[in-house]
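Participant: Here are the chains, one letter per residue:
Number of protein chains: 4
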Amino acid sequence: VALVTPDLDASVQFWRDVVGLEEVERSGGQVFLRAWGDLEHHTLILEAGSEARVDHVAWRTKSRADVAAFAEILGHAGAQLTEVKAGEELGQGDAIRFSTPGAHCFELYYDVAKPPAPEGRRSALKSNSFRAWSHGISPRRIDHVNLCTSNPELVCDWLSATFGFRMTELIRLDDGSLAAGWMAVTNLMHDIAVMRDANGEPNRFHHIAYFLDNWHDVMRAADILQESGVPRDAGPGKHGISQAVFLYVTDPGSGHRLELFSGGYLIFDPDWEPIVWREDELAAGQSWWGAELAGVAAMDSTTPFGD
Amino acid sequence: VALVTPDLDASVQFWRDVVGLEEVERSGGQVFLRAWGDLEHHTLILEAGSEARVDHVAWRTKSRADVAAFAEILGHAGAQLTEVKAGEELGQGDAIRFSTPGAHCFELYYDVAKPPAPEGRRSALKSNSFRAWSHGISPRRIDHVNLCTSNPELVCDWLSATFGFRMTELIRLDDGSLAAGWMAVTNLMHDIAVMRDANGEPNRFHHIAYFLDNWHDVMRAADILQESGVPRDAGPGKHGISQAVFLYVTDPGSGHRLELFSGGYLIFDPDWEPIVWREDELAAGQSWWGAELAGVAAMDSTTPFGD
Amino acid sequence: VALVTPDLDASVQFWRDVVGLEEVERSGGQVFLRAWGDLEHHTLILEAGSEARVDHVAWRTKSRADVAAFAEILGHAGAQLTEVKAGEELGQGDAIRFSTPGAHCFELYYDVAKPPAPEGRRSALKSNSFRAWSHGISPRRIDHVNLCTSNPELVCDWLSATFGFRMTELIRLDDGSLAAGWMAVTNLMHDIAVMRDANGEPNRFHHIAYFLDNWHDVMRAADILQESGVPRDAGPGKHGISQAVFLYVTDPGSGHRLELFSGGYLIFDPDWEPIVWREDELAAGQSWWGAELAGVAAMDSTTPFGD
Amino acid sequence: VALVTPDLDASVQFWRDVVGLEEVERSGGQVFLRAWGDLEHHTLILEAGSEARVDHVAWRTKSRADVAAFAEILGHAGAQLTEVKAGEELGQGDAIRFSTPGAHCFELYYDVAKPPAPEGRRSALKSNSFRAWSHGISPRRIDHVNLCTSNPELVCDWLSATFGFRMTELIRLDDGSLAAGWMAVTNLMHDIAVMRDANGEPNRFHHIAYFLDNWHDVMRAADILQESGVPRDAGPGKHGISQAVFLYVTDPGSGHRLELFSGGYLIFDPDWEPIVWREDELAAGQSWWGAELAGVAAMDSTTPFGD
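Chains as they are written, first to last, in the numbering used here: chain X, 938 to 1244; chain R, 938 to 1244; chain S, 938 to 1244; chain G, 938 to 1244.
It is worth saying that the hints were derived from the structure and are not from the lab.
Keep in mind that the hints are not guaranteed to be accurate.
Chain copies aren't distinguished; within one or between two, either way the pair holds.
[To be verified] Here are the simulated DMTMM-like cross-link-like pairs (lysine to aspartate or glutamate), alpha carbons at most 25 Å apart as the crow flies: (1) Lys1063 / Glu962; (2) Lys999 / Asp1170; (3) Lys999 / Glu1020; (4) Lys1051 / Glu1218; (5) Lys999 / Asp954; (6) Lys1063 / Asp1208; (7) Lys1022 / Glu960; (8) Lys1063 / Asp1094.
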């Protein structure tokens, strides 16, 4: 995820020193970060800009050929495609950018560098890049993104039809409309969630999530956040939807929201039927215990996508 | 703590099956319970009555002679004393009852039975009575009581002067009055807390607390409570005062409140100075993270003391 | 996994009362069990027999047509196929059975019942079947199997060529031979592991693993096991390979081994290169901390596959 | 505890950077450290010396007058007393030093500085000094010491008669001798343990223990230690005696041993009877689960007391 922030120093301090992501490299005004269990060059880019916005959300394809194949599919469907040449984004090969029906900028890539961490910070485990627990909250890896839009059904249908995302859980309001959908192409219960924007905006960002191995680690995160003075949005609590333990917090430099996320369930069933939460079950679905989330203004979408 | 409940069956189901205390014995309409790490005959008595009330809170003296010695001190001070003969309360020796300046009924005893748990439910560890984790939330032991009164300063001064309770933390309002005090005669940061009653009542009960070894166990408790349908009052969260992780829940049978309590700090300093929380620090003192507590009506005192 | 045990009562007591799996149904001398997060009819079958053995390990295909497709592939390759008609195994549709090159009996099925748990034991979460934490250790779901054989390379190559299992980590001895391989078709770092049998047997069972959400839950499991008198084989500890926290324990009724398994990492990289552990790294790979595993006789394979 | 180390840099790196104690001050070749929950000036002193040894173990009295009172008692009993004038040990008032019957050097003091942590590292909680979780393992506070001697009964009797330590648990061998005793003057189940030295030495150090709030934190500690390359002696595991979760590790600079210690039980009973572990129960008493401790040479005493 590439985030633009009006206060780069404050944002770097938050994501690196408080959250505990590792700074991999700086180049061209961009700061590239990843968690200790992320092997790719970066899972987060921070860049200075006049206003906070999400530049793009990137997805890796299953093969190199898939990038071109998706370009063709998207082109036929009338999408405006932008080519991103290898190296334009540090550590990344040829890629394409385009918009969702909600005007969220997505990127597809396959080739990506997996640089080892420098000596002294490198994990002795080859399945990790950096050492865990070296500073801050220290999540393991990126988990998912959550986007807001004026018409979730439109975006979810497009994700399903274009990329094969399966719906795993959803909120269906009494008027029959889809308030939110959780979708995945992996065994995670969601790689992406799409929610109705409280203000009717088409292309907003709700949060990026990083994963912690244990519920307890989320409580330790709350300790660290409270001592650091970073205000928490909500939690620790547990979602009914996803069964994950969560803590929401906002980058003081940009207003972008982070979800610290642990537990949850995986889906191995090829015939999974989406779990439907009705309007009267919505509060329990959003927060099984630990926090009120439904209708909390503090939990509305944060920043827009855009140039 | 001896609690009277208008729905004994519902209360037993809550404290035994959901909370996971062990039923030691039933006699004379009373149900005697303790946690797996409690060695005394009981730490909780449930008894049927037309209305929920706290019958008494009992404290063990350091020696047998102390019971009589305190009787003399209290008598000289004008307290009305009731003798409780050995065996009147099951498993307990000679005791005395009397009231705090807030009309909370207290009991002092020294002799007490420490019956082993029955075969099959007995812990292989001699330092425990029952096996841990056998059912429900399964706290280790009783921790403390929290009482409400119209004049906390009066009650705290009396606890200090009469029994030697030391103040460890307190809330001092801007008008100079004491809103709440935490006091101990052990290394716990509090054996008792006394808080100003929201409705000006002199003799109310706020909660009894049972201790869990790990913060994580409080999250597991939230899972169990949510599945059991018992409504939580607040939490999981962490107190600034005491540093303990908490979860408040109410016995559906009686309205008595339970705090599930973990972590916190111990005090070994003979020259400990009470930590003072001012009115503007009160919210953080009550909830360091995880829940709003200050001024939450749901967190007001529950039942009265009385006959 | 279908296990035959010489002492069915002791085995049921272990898997149901100590481990905390749920008994779904009994029929024809078989006891069908699953964890609270398992939605299929069963993930474990216990059946009485004169000697402990593994009857079969079953895998679900991605579609109904895949069962027949694999039957054709396997038949062409000369495998002896046994048809299992819908209903022969309770809750399961048409299936086939056949042997690995190591003579481990495998089953493929697609159709399977997903019965809800009975009222009172059913989770309020639709993504679970039973309530969590109701008794015993209470793992979430089945995780993986680990098999022993005289020639791991042969079995791993066959798993890769026939079913598309990808190798994720492996142990390569100094003589160039493969001592063990971890393989997956999901995002788990392994659905199956294949290890060299200490006694050169072709078709042995090492363990079945059930998953717990938190490392702490593995410590709680150790408490429960120690109180129940069930001897632990090794752990709690953490694997270097998989990064999972583990605890090995043996069913006292049968000698079949269970691994309680938590944490670990997921693989989303389409270009994952297997992590190679050399002979001198083997001890750290097997146990990153907490237990010696390399060359521990107590950790040899347990029971054979067979009729 | 004041430790002398032949490699001060390596020892500081271990206790400060890996264990995560806070360096309070350096003066006169001594490095003063404390945990984030320790309020006194220091709980550990490191000092360079040609050989590793324990300089002294210090205990705080309950009042200022107690220091002189104990000096008189000890003098009458024939102990050789050394006065330590206020300021000779940084942050400490007048103190006395003397030896146990096993020639372990003890110190008694009352006056002690409680300096706040510097801005930026100071906890927002007044009940802590430093911020928790800022680096390394990050234990809360010092917990206890464990000493070895040739005649544990002699030392335990002296601790009881001189200072009023109560025995809480003990190991009694088949020949009637006391192999080890756990003793306390606080509600902790032990402030000190005294064990028979494997080599018959009178005055050896077994370990100093620091406390962590949660069992899980001990597992996180094992991760950190394994990545740092510091060899663990034993654990994580759980003691039968004390019920605490433990992890033993040795300072690579000095050979002094640290126990990371969590959980355990408190004793509030004035009539506590020591729990007796017989020779055939010794293994379970030392390790309830997770590690073999009985007779493990790696777990023998480490360094001597002495000048």
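Participant: Among all the numbered hints in the text so far, which are the ones the structure does not match?
Facilitator: 2 and 5
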